[in-house]
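Asker: Line by line, the protein sequences are chains R, U, F, H, E and W.
Just so you know, we're using this note's numbering here: the first sequence kicks off at -11 and counts up by one.
Just so you know, we're using this note's numbering here: the second sequence kicks off at -11 and counts up by one.
Just so you know, we're using this note's numbering here: the third sequence kicks off at -11 and counts up by one.
Just so you know, we're using this note's numbering here: the fourth sequence kicks off at 2 and counts up by one.
Just so you know, we're using this note's numbering here: the fifth sequence kicks off at 2 and counts up by one.
Just so you know, we're using this note's numbering here: the sixth sequence kicks off at 2 and counts up by one.
The set of hints was computed from the structure by calculation and includes no laboratory data.
A hint or two may mislead.
[To be verified] Cβ pair distances, simulated, as ranges:
1. W:Y450 with H:W327: 29 to 37 Å
2. F:K60 with H:K263: 49 to 57 Å
3. U:I74 with F:D54: 36 to 44 Å
From a predicted model like this one, the values you see are computed outputs, not experimental measurements.
Even glycine gets a Cβ: it sits at the ideal position worked out from N, Cα and C.
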Amino acid sequence: MKLIIAIVKPFKLDDVREALVGAGVEGLTVSEVKGYGRQKGQTEIYRGAEYQVNFVPKVKLEAVVDDSAAGKAVEAIKAAAATGKIGDGKIFVLNVEDAVRIRTGESGTAAL
Amino acid sequence: MKLIIAIVKPFKLDDVREALVGAGVEGLTVSEVKGYGRQKGQTEIYRGAEYQVNFVPKVKLEAVVDDSAAGKAVEAIKAAAATGKIGDGKIFVLNVEDAVRIRTGESGTAAL
Amino acid sequence: MKLIIAIVKPFKLDDVREALVGAGVEGLTVSEVKGYGRQKGQTEIYRGAEYQVNFVPKVKLEAVVDDSAAGKAVEAIKAAAATGKIGDGKIFVLNVEDAVRIRTGESGTAAL
Amino acid sequence: MKKSGLQKLAGLALAAMIAGGAFAPAALAQDAAPAAAPAAIEAAPAAEATPAPAVEAAPAPAPAAEEAAKPALDTGDTSWVLTSTALVLMMTIPGLALFYGGMVRRKNVIATVAQSFAITAVISVVWMIAGYSLSFSANGNEGLNKVIGGLGNAFLSGMTMDSTNSLAATIPESVFVMFQMTFAIITPALIAGAYAERMKFSAVLVFTVLWSLFIYAPTAHAVWGGGFLGGAGVLDFAGGTVVHINAGVAGLICALVLGRRKGYGSDNMAPHNLVLTMIGASLLWVGWFGFNAGSAVGSNALAGIAMLNTQVAAAAAAIAWMLIEWFERKKPGMLGLASGAVAGLVAITPAAGFVNPQGALIIGLLGGAGGYFGAVWLKRLLKYDDSLDAFGVHGIAGIIGALLTGVLADPAVNSLGEGASLMTQLYGVAVTIGYASVGTFIILMIVKYTVGLRASEEAEVEGLDLSQHGEALHD
Amino acid sequence: MKKSGLQKLAGLALAAMIAGGAFAPAALAQDAAPAAAPAAIEAAPAAEATPAPAVEAAPAPAPAAEEAAKPALDTGDTSWVLTSTALVLMMTIPGLALFYGGMVRRKNVIATVAQSFAITAVISVVWMIAGYSLSFSANGNEGLNKVIGGLGNAFLSGMTMDSTNSLAATIPESVFVMFQMTFAIITPALIAGAYAERMKFSAVLVFTVLWSLFIYAPTAHAVWGGGFLGGAGVLDFAGGTVVHINAGVAGLICALVLGRRKGYGSDNMAPHNLVLTMIGASLLWVGWFGFNAGSAVGSNALAGIAMLNTQVAAAAAAIAWMLIEWFERKKPGMLGLASGAVAGLVAITPAAGFVNPQGALIIGLLGGAGGYFGAVWLKRLLKYDDSLDAFGVHGIAGIIGALLTGVLADPAVNSLGEGASLMTQLYGVAVTIGYASVGTFIILMIVKYTVGLRASEEAEVEGLDLSQHGEALHD
Amino acid sequence: MKKSGLQKLAGLALAAMIAGGAFAPAALAQDAAPAAAPAAIEAAPAAEATPAPAVEAAPAPAPAAEEAAKPALDTGDTSWVLTSTALVLMMTIPGLALFYGGMVRRKNVIATVAQSFAITAVISVVWMIAGYSLSFSANGNEGLNKVIGGLGNAFLSGMTMDSTNSLAATIPESVFVMFQMTFAIITPALIAGAYAERMKFSAVLVFTVLWSLFIYAPTAHAVWGGGFLGGAGVLDFAGGTVVHINAGVAGLICALVLGRRKGYGSDNMAPHNLVLTMIGASLLWVGWFGFNAGSAVGSNALAGIAMLNTQVAAAAAAIAWMLIEWFERKKPGMLGLASGAVAGLVAITPAAGFVNPQGALIIGLLGGAGGYFGAVWLKRLLKYDDSLDAFGVHGIAGIIGALLTGVLADPAVNSLGEGASLMTQLYGVAVTIGYASVGTFIILMIVKYTVGLRASEEAEVEGLDLSQHGEALHD
Ligand SMILES: Nc1ncnc2c1ncn2[C@@H]1O[C@H](COP(=O)(O)OP(=O)(O)O)[C@@H](O)[C@H]1O
Ligand SMILES: Nc1ncnc2c1ncn2[C@@H]1O[C@H](COP(=O)(O)OP(=O)(O)O)[C@@H](O)[C@H]1O
Ligand SMILES: Nc1ncnc2c1ncn2[C@@H]1O[C@H](COP(=O)(O)OP(=O)(O)O)[C@@H](O)[C@H]1O
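Given these sequences and hints, build the entire structure.
Answerer: Pasting the structure below:
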């Protein structure tokens, strides 16, 4: 199994979720994160004091999928999340050794 | 070493923490996340406009443990987080290549 | 490629970011998390009712780097995040199988 | 203790009467003075200070003989009571809504503020339909009049552009109706602190309507509207008994009947946003100027001293709570400051127009300490879950204030204070406690077996915001 | 419908006149009574109740013959209008700012509250420079005076420590200027609900200034300041037409011209913080006492009944909305309660000093239901994006209230209500709708082709907080 | 500059006197007029407008000869000052608490609002015990009376239901005590902006008590209570000198003595929630009506013009700040609008009852620009860390307003303005600056070497919420 981590623009979340579901992914977990990269953060000035906010709001999606489904999932994210502008984000793929569904105790691919 | 990622219901957090501590886990890191899965989110209606919130609040626990302790830790989470109802969550196990304790510079299992 | 996960004290975030950038890391992703470990949380008392908050606010940095850059990155974090006091945090290193830059479709090391 | 037993009986009798409309037992007929509630009499000396003589000096628009006796409307008095009405409404929305809303968990904040808001709406209409009449009109039946008003002013019929209520002769009746409405609103809203985070919204509404008609109206009538408590000389300047003890005791019964919140004692139930609570406490404090100084129903030295006493007591109580907390908890908190201030405001309420500022200082210090005792020690001891301490703060501090009014009333401030006595105050307190507890219990039972009282366990875990209102905070 | 067509024409004519300064067509010269707006006449009976006779009885400081006729300033009346001014300002900041601020998405909350705040600042100065004069001074040209005031009081010149406005003879002119200023402030601020989350900040400012001068001032003059609508007997006690229909209709035009927010219908646009909205609605409610009861420009029974009516209608409307929502949506929400209350407050505004409390109850129930209809059904039907329902709530409930005033006015409450007629009210409503829609459209076009109306798509996606103000919430 | 040096000396002398009780050096005995502070004299013309003649016309309740001379209490005046008291209390809690609370970092918000709240409680009691007496009673020793009141009214002894203060003859003394108390409360609360995010809570309390007794009371006495500054003709209608310059300068000294916050210049210290700041600024604005118009201590044209001037100046200053910011920072922000409004309110405070609206417009524009200069340029230049710009806004705008009062006072508005002079105003400003800076410094030293001033570095990093109060925001 693979853990696919995707960091994307927040307003793309729903599109990406739909694309993943379309690609057969049945579950995923999302967190609000702040990203640092080529896309620069903004500067805010309050009463003359300048604060550089180096981070840009992003969302991180994590989905564990069967090895065979990983390629399709990555493609789906890539297609749905792209705007062509800087800051579109990244996808990382990691190996997962085991998965367990807490409710049923199933493990392995059956747990996804 | 293994990284155990568990996504559980928020009100189970304290139970799970206690179970993990009981299983010998000495440190863990928690984040608030939103989950998508079999358990459906809720619909909110404001002045007639319907907003489907597809995500359900969950917490994600991450604990890095010694290879030998991983099985026990997974069992502990499974036992503590289960309610038997849909949405109980998942546990994933990944391999960790190295760990470092920042304060002391220790690395490997000693760092946990 | 390696995924470097670092859990550090929130007020060290900017120092760590700068150190990583100094070490050649070009992108990273940050989340607010709560940590449990040797450093204890605080107790709050409201009208005589005691609530133990077992978790301490931390930030989690995630950076995927080229294998060759991993060691330098870990060192950089270690140096920048240390205060010598309990709660300084941990660094974990995991293997990453693939990376994709959404905007361009590049993959592998080129995507970082 | 024999007397207190008797009074509980009296309370029960009251309940029976209102429910069944039975006649008042002779035992209650303690030669009630003819309906002269405190405020009414104040109006007289107050009027002297106002340019009333002008009326006498103006023979031209010669009014009828009976009208001549009636003091003219006073624009200054009217202005202050209009203002006070706005201030007291502000106490409930947004004041109390925020005070309570900040103390609950995040998942219940919308539901908690919605309770204050909905109670405001519902009671406004109830008051117009029947509440005002039951509280402040005379009941044709003299026996019944000791405990409940008539329905002659139902739907505010009988109120005209020229009419006044005898308790407030220098302001239009509409202004008196409105001012008193805001008291009728805040009282059941205060009870919400006790049942917070677990009562069904429908239950809140039904409970509120019944409680207002069957507990609040008779109590207000008994103390202020010409009933037996005012007649017996019980002093309650602005509602220590009618509002705070009443609501506090009702809250205690609610907490006992509903049982504890799921997870009480194990889950983290820390107040989610003390900034909201601070705003709420502040608006309660500011609004209380209308509550207490407005109860002079005039713009005069009595209003002035009531406001000053209010301020001194609130401040002293905040300091008292802060210091005890500093000692016991090692750190003084914002919640303590806010709670202390509210306890002091509660404690001074019955006394505001009877004591001097030195007396207010004492009442504040003791009220603050008493509130701490109620919310921190007593609750811990007895293990009931009065979520936001409606009883701990309003009940206990209300009792302290009501009793101290009997001790510290200064006739130089208010000639009505001359007859003040601890025993009479105790009598008023005991009757109110007895009546409120029995009556609230009965109403809760009625609600329980009709619409049901408590949200389902699932709903409670999910949070009342989503389960009761389908809404959530998104930030 | 012929009549309504005529009135639209009249509206257009008005627009032309103000823009070009042309003379009023004879068609409009419907023998307007000499400038006697409602409030002015009220002042008379009110004064009788106040110690006015004292003035007659005091021959010593013998005033000139003409002065003798003029009623003296009354400290009580003045006090209440001063207070009302504070209450109405509080309606806009922080009331309306929060009511709206809680309903937008998190990324737009600072921008939304900044709009209310900036509008307050800008209109205050505009009012001082020209707004007051155009609204409430007489225009030397009798024809023009039917539709717009003169510039004799520009920069408040002519106002002295002794002057009064004829509409409010017992209070200093400065107090009347201030009180009316707060109405001029809130009206354009209300429109912001329609263009929320997408209009450029610079456009907001320019639009506001033009709208206030060219739409608000003539309307206020026509209804209250001696113009043709007041002259025709159109009743508007506190601004149902001048404020709410006017702002609601302008909002609708803004929504139509600006188009929908990006993502409307697909993105989650749920209100981000209904606690803020609750605070806002509460402060609007409390502040509305100043709005409606203050419009009696005196401290008397008329103010009393206006306040009472305001409360009853707000409460009834909140209940009505809640019940419909409970039925349709299965759960009653905090947003519904707040929206209902505001709808009721809007609906009672024109009627507050004309109807009795029973009438207020009816207006509240219908106003609440009408607001629900406007904000939920109508918007869904017609698919325009009136972001926060400026038209749905203020427009619709305003129209309901204005029309019902013609039906329910009770001469026992206010003798001016005797002439009340549904047709006259309809006439006032139609003229206002016609004028406001045409005028607003023209102004929007001017703004569009000068500073531009809408924020760039990028700016809208990023959020107005950062894009317009360079600020963000950090918690 | 010789004169200013002299005045600093005078300031030092004052400090010595109060601390040691020494006699006033003859040098200070600049023939002070017998205690007639501005407000007192206003009361006279105001009274004329009120139905005072009625008293003369009413021979029946024949008062003693001396009483006949005394103007009667006026319910309208009383009503407005009661209302104003509520408004000014609301400025501090929750107004200032939120204004400041929104500007700090999230970890310090509870501590920041707790400071305002605790200061309110503590000063209320201090004022009752000694503050009022030291400020507004006459000192038996004529020399001392120039700089400090006596203790004859300590614990408010001597105040009766009939007594009045000579500065406010038409309202009960209790009302005057309360009204002035709210000024005594807000002044030290304002200073908190300078030491925010780093001062220990215990230090805040001790500092506040000492500062109120040793700096505020003498200043209030010197300007309003019959002391040498009022005697010298220094005009300060509502506290530009006594409240704002005083607090602003004290804040600067605090900032200098405490040093910068840890991380100043490198850490992100952006305001965490500008919605809270907007609420705070709005309530300050609305409450300021009580502050300035209430300072007429009557309900008359003077109150009216003061309110109008307040509004115009606040609005003009918000616009001025916004425009400068738009130019310099490219985007106008909510914080700028709020800061500008507050700067304008500060600037108009000394002038509110002396200038005409055109003058207020000028004061507002300059006050807003001056505040921008103080908070943005001056702070950047001099590198002190006045966390929330207590000095930048209150100090600078206060000075501008005080000086412009001397230039723009219009005798047609207030006959007292006739003697207005820039030099006299400068004298008042200089003495206040001198006295406040030296006195504050001494008090800070006392606190430093007793309870300690600054929270530990660890506590500062953790945040004052947890470290000082053991509480946290949970949302
Ligand atoms: N090496 C990395 N490790 C972890 N996260 C990264 C890395 N590089 C980029 N990211 C994340 O991806 C986001 C987008 O990256 P950025 O460089 O801004 O744009 P782009 O991917 O289009 O070149 C960043 O905000 C950050 O959250
Ligand atoms: N494949 C997956 N990858 C990542 N997270 C998942 C995956 N499947 C489920 N989850 C997480 O687990 C949670 C519970 O899953 P759900 O399908 O609702 O219930 P259950 O596990 O009981 O069948 C989800 O809300 C989501 O956060
Ligand atoms: N085994 C672990 N797995 C995941 N996170 C951990 C683990 N141990 C520690 N942490 C994280 O590191 C933080 C610091 O650890 P702690 O034990 O408090 O201090 P130290 O590392 O200095 O001994 C914790 O708050 C937690 O977030």
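Asker: Between the beta carbons of K60 of chain F and K263 of chain H, is the distance compatible with 49 to 57 Å?
Answerer: holds, 51 Å
Asker: So the hint says 36 to 44 Å: do the beta-carbon atoms of I74 of chain U and D54 of chain F match that?
Answerer: Since I74 of chain U and D54 of chain F have Cβ atoms about 42 Å apart, the given range 36 to 44 Å holds.
Asker: With 29 to 37 Å as the target window, see if Y450 of chain W and W327 of chain H comply at their CB atoms.
Answerer: violated, 22 Å
In terms of the numbered hints stated before, the structure departs from hint 1 and from no other.
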